[in-house]
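Asks: Protein chains in written order, with our numbering: chain C, 1 to 115; chain Z, 116 to 227.
Heads up, a few of these hints could be off.
On the chain Z side, residues computed to face chain C include the following (Cβ under 7 Å) [claimed, not checked]:
#, residue
1, Ser146
2, Phe175
3, Ser209
4, Leu210
5, Gln212
Bear in mind the hints are in silico, worked out from the structure with no lab data behind them.
For glycine and all other residues, C-beta sits at the position ideal for the given N, C-alpha and C.
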Amino acid sequence: AQSVTQLDSQVPVFEEAPVELRCNYSSSVSVYLFWYVQYPNQGLQLLLKYLSGSTLVKGINGFEAEFNKSQTSFHLRKPSVHISDTAEYFCAVSDPRQAGTALIFGKGTTLSVSS
Amino acid sequence: KAGVTQTPRYLIKTRGQQVTLSCSPISGHRSVSWYQQTPGQGLQFLFEYFSETQRNKGNFPGRFSGRQFSNSRSEMNVSTLELGDSALYLCASSLGQRQPQHFGDGTRLSIL
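This is chain Z alone, in the form it adopts within the complex (with noise of 0.2 Å):
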């Protein structure tokens, strides 16, 4: 069974800009939620979508944003990026709340 896709793997940006990461979850998952990753703040939720409607949130900024498509693939944009928007980003899958998620390798933003 395939595990959970994220593309790119690395990707840079300058100042200002938008970018946008993929995530396939599992075959199956109808949840998928996105955690921002950093040295300095550890691991953070960003939020989780579930059969295409955003269902939690977390303390970020309306700068980033997400959706996710009938196949439960989903996309997080980031835009105006900032410096500090530098980290790894990861997507997890789960089949429900009992459940475990499970995590894709991430997309490492790097910022210039």
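Here chain C stands alone, though its shape is the one from the complex (with noise of 0.2 Å):
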């Protein structure tokens, strides 16, 4: 069965500061990764996907991720943070054997940027 780990509950930074949160994840097959956004009072928000291909993806409002097979992980950066990136982020991974779309998230990391 597939599992994601996230491996901060939360991350404090400071205004334009780099940051990264981290992603592991347990498949021994592919997977398809992605990372969602979830602001206050509201559903979950794409921010970037990796199907195939480069293992460089780069996303919505500045975040990237790399996806790194030999060490099942799939972390999220961002070179400067606004006050508006706080928020809670989710990792999820989903089967490309199965038809459907089911998504299995991390528990998700809380990012609080202040100045």
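With the hints as a guide, bring the two chains together.
Replies: Below, the structure is given as structure tokens:
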């Protein structure tokens, strides 16, 4: 069975500093990987996805992630964060072999950006 | 283009009652998935419907059920509510497997 581990439950950073949110997955087969962001009282918004191809994936709002198959990781990075990036971030996987689109999520990382 | 619409946004019920939540997907999306979000368990997959058929199901008791209509709108039903069913229920729609899921803002269900 697949699982996702987000290594940090909370990440506090100062505005304009770089940030990395870590995600590791467990799967014996290839997976699709996603990062979502959730702002208070809202649903989830897709930041970026990895399906295949280039291991460096660029997403919205200046975020990017790198797929590392040997380390089964998909860490999210941003070179300079803003106050508005304060939110909860979720890493998720899905199984390309299944017909559907079911996602397995990590527990989430709360990013707190302060001035 | 309108997003995923979930109704109602907030709901308060008591133990033992049943509840029905509604989800209208983005126009043209035939896949609708439901997720439960709680502080303790995080985001958990409930089930997915595609063309009125349940395609995948998560590990939830039979009290949780759903259906999808011919216009792709979906409903989720929870019977015999328990305190532990208090959660944010999120609906997501998608064009297909390699396409992203688009989430609604959720229905926050509180059980008293």
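Asks: Checking against the hints above, which ones are violated?
Replies: 2 and 4
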